[in-house]
Amino acid sequence: MNPTALFRVAGAAAVVILLLIPLASSELGGLGPLVLSGYVMHLAITAFFYAILASSWSLLAGYAGQFSFGHMAFMAIGGYTSGLIGKFIRFTTAPSELCTDIPLFGSWWLVVLNIRRVGTIDESCLDMAKTETLPAGTLIVFPPVWASIAMGLVMGATFGLLVGWLVLRLRSTYLALFTIGFSEILRASISAEIPITEGQSGLELVPLFPAGLLGFSSTSKIPPYYAMLLLFLVAMAMMTWLAGSRFGLFIRAIREDEEAAAALGVNIVRYKVLVFVITSTLAAAAGALQGHYIGIITPNTLIILQMSLVIAMAVIGGLENIYTASVGAIVITFMLELLRTNITIGPLHIDMTLWRLVFFGLLLMLTLRFQRNGLLYPILERISRGGVAAETVSIRAAPDEDEVDVEDEEHPPSGPDENADAEAVNDHAESDR
Amino acid sequence: MENAAIFGWALLWIICWGALGGVVTPRIYARKDLEISQASFGGAVIGAALGPFSLLPLWVATPKITNRLIGIAIAIVVGIFIAAFALADPDNLCVANGGFVISQLANGIVIGIIYGLMALGLTLIFSILGVVSFAHGEFYMIGGMVTYFISAKWLPGVSPLVAILASCIVTFAIGYLFERIFLRPMGSGEIERPTEYAILVTFGLAFFLQYFTQALTSAVPVKAQRFFPFPRAELPADSGALLKMTPGNVTIFDAVSIPNPRFTAAVLALLMLAALLWFLYRTWVGKALRAVSQDRQAAAVTGINPDSMNSLAFSMGAMLAGLSGASLVQVFSWLPQVGIPAAARSFVIIVLGGMGSLPGAFLGGLIVGLVEAAGTGCIPDATRAAAYIPAYGMVILTLVLLLKPTGLFGREL
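Sequence order for the protein chains is A and B. Using this note's numbering, you'd call the opening residue of the first sequence number 1 and step up by one each time. Using this note's numbering, you'd call the opening residue of the second sequence number 1 and step up by one each time.
Just so you know, these hints were derived from the structure itself, not from any lab. Among the hints, a few may not be true.
Unchecked claim - Chain A regions said to be covered by chain B (calculated; three or more residues, Cβ under 8 Å):
| no. | stretch |
| --- | --- |
| 1 | 34 to 40 |
| 2 | 62 to 72 |
| 3 | 180 to 192 |
| 4 | 278 to 290 |
| 5 | 353 to 362 |
What the hints assert, rightly or not - One side only, chain B facing chain A, incomplete, derived with CB under 10 Å:
| no. | residue |
| --- | --- |
| 6 | Ala84 |
| 7 | Leu87 |
| 8 | Gly189 |
| 9 | Arg193 |
| 10 | Ala219 |
| 11 | Val220 |
| 12 | Val351 |
Note that CB positions come from ideal geometry on N, CA and C, so glycine has one too.
Construct the complete structure from the given sequences, taking the supplied hints into account.
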């Protein structure tokens, strides 16, 4: 079987297994001896969340060569936008007159609630309106979850566009410098604006699905599992398509040599901004979905640790391939949980909650230094070589010198729309030579 | 704020005319076939200064936009900004109390010197290695931690200078080891795309050092004692009108009050700065360092080993960060996370000063120190003002990236 077909089959098998995993959860009685507790299901959802972040970050950093340390900031923008819409916006069939009313079509009104002061028991203006101004029988409707998530995406894209437009005209170092500050300032303002965002105590979000949907209880992990898996698969499909298209070719050209790409007619600023906006939007989508699943979002999701973890996942898995990055994220999410138990050796008490992070930091540095393409790369490379030595592949691939012209005419270079994961792997092989 | 509207309108006026000037001026200069490298930035500040009254003459006469012109325009903008603020909020301490203003300015300069020292380390690394060290804040944190643990825990009673020296040695050594193991291969072509590698590997180092320190020391905030308490003194005797010293504070002219820890930290920083300048400009190794920053190949031809200069620059940069941490551990309470905002501030400073420029870093440090002092002192809501300290730097960074990405003294990028 040739490597491309092998990767396709493996990918399809992985998707099928991921789709079937909930059958083994304890809610459905387990699958024979295999019973996954709610905790494992929760970990799986979190793993998909990190996989979306790590793979979209790898599209930005590994493919386009733009290093943003603000990926978690866009994640938080998605989550907070969705949460704030749920907190402050209602739809009614009559004007409340006490809140800010915006007329919509027909008899519907969009009502923006007032910002309540901290430490006082101000009533919400809508609660007051219910007893005072609103006629009886007025409908009050919460904004639908999908709409607020969509708004989260829009906000993520908008901020991505603004930051990208400001910084991506300059060298890539500036992006790293700016985004680290952007993420810190966002954390500071979310913590400070307590009346709006609830600060450190966290903004509550409505659940992803109404209780009783298809007979699942409100704490059931199965609907959120499928929601996050769906987002993960959609994101991967989209990024696979992007990476294999002209777009993917252009951003890799930018990564390799900006001047050369510009000289060949690639509008480098436009493509850099575009890839930044796309990855920011994906991060915002993941953040909004995860926020609704967990039910609360706090500014602590923005600490540099979280960003470092996403980077460690992408790098240890393999930065220059969205698939290895996402596998790295899934593996490391589970490993972080496994390494959680503290160890006591005689008088020595080791707090593993911290030492595991030290371990991953060290692993991150060593991976970068000695296995640039990630720890999964040697395995993939071995498969794509079909078990023969690297030298053999390069000898086979190198055409005889006088045959070059003929070869090129007979076999035009294959189009970029070929299977992208195989192509990405070939890329590594090429860059290694 | 009483008349917030005045301030808001003034700000809007500045921004709108600034944007118009920044967009239109380069086109006019380009049409007249004049130099446009300064036109965008110059047009923006001149527009922000006097709006149509300065933009129209500029567009008609199209003089050469000199640094002096830009300097005057910036002074006018700052003046308008302050005047609008004073009109909007006449009861503010920043407007009503001259002594408070001078104290804030003095404190801003004092803290700015230390910021400058830290940024100097970062810009030194950048000018020699072409690498922005994202672990700079962690060296700062480790410098403070080592000083605290030696002076307060392990060897109490020992002179603080010993502790500071030890922190310098530790940060220098970590920097040296890291450079040898992780950054040295960049020069030999062993690693593809060295800039990206450097960003990630220094970020990895930051992650590692931060949690390594936290695992060793726990996350309880610590704070060192005053290193060198002032002697009690009053000048002239009894009244203390000229100079009044208590162990924790010094008051000059009955108005400017500087706390002792900040004062000693700034003096330490100035001494270190003098030593650094002497080293860079008067010794053979220092001259070699500057030579490498100007032209690597040419320096190598004259017999300077660029690789060892790399190691020296990185470890010295780390040491400067460690030193500013060591002198500030008596000012702020110290946590393993304390390096992140400090690093972000250093990034702002080196971009403001121009990447790789030593005087730029120092001047940038002063400006950021002053802006932070003004921000914390003048914003009416005190808790909010404190929460937004990192934001002031970001505002500066955004403006610099928008208007003049090369910074004050930047080389062309």
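8 Å C-beta criterion, at least three residues: is the stretch 278 to 290 of chain A covered by chain B: violated (count 0)
With a Cβ-Cβ cutoff of 8 Å, does the stretch 62 to 72 of chain A contain at least three residues near chain B? Answer holds; 3 residues pass the 8 Å Cβ test.
Chain B covers the stretch 34 to 40 of chain A, three or more CB atoms within 8 Å, holds or violated: Not satisfied, violated; 0 residues make the cut.
Take the stretch 180 to 192 of chain A, compare each residue's beta carbon with every beta carbon of chain B, and decide whether three or more fall closer than 8 Å. Held - the stretch 180 to 192 of chain A has 9 residues with a Cβ nearer than 8 Å to chain B, which meets the minimum of three.
Hey, does the alanine 84/B contact hint survive, CB to chain A under 10 Å? 23 Å, violated
Any CB of chain A closer than 10 Å to the CB of valine 351/B? 6 Å, holds
Restraint check, 10 Å cut-off on beta carbons, for arginine 193/B near chain A: Holds: closest Cβ of chain A sits about 7 Å from arginine 193/B, inside 10 Å.
With a cut-off of 10 Å on the beta carbons, see whether glycine 189/B makes it to chain A. Violated: closest Cβ of chain A sits about 13 Å from glycine 189/B, beyond 10 Å.
Does the closest beta carbon of chain A sit nearer than 10 Å to the beta carbon of alanine 219/B? 9 Å, holds
Valine 220/B was flagged as interface toward chain A. Is the shortest Cβ-Cβ separation under 10 Å? 13 Å, violated
Given coverage of the stretch 353 to 362 of chain A by chain B, checked by CB-CB distance under 8 Å (3 or more): holds (count 7)
Evaluation of the interface hint that places leucine 87/B against chain A, nearest CB under 10 Å: 27 Å, violated
Against the hints set out earlier in the document, violations occur for numbers 1, 4, 6, 7, 8, 11.
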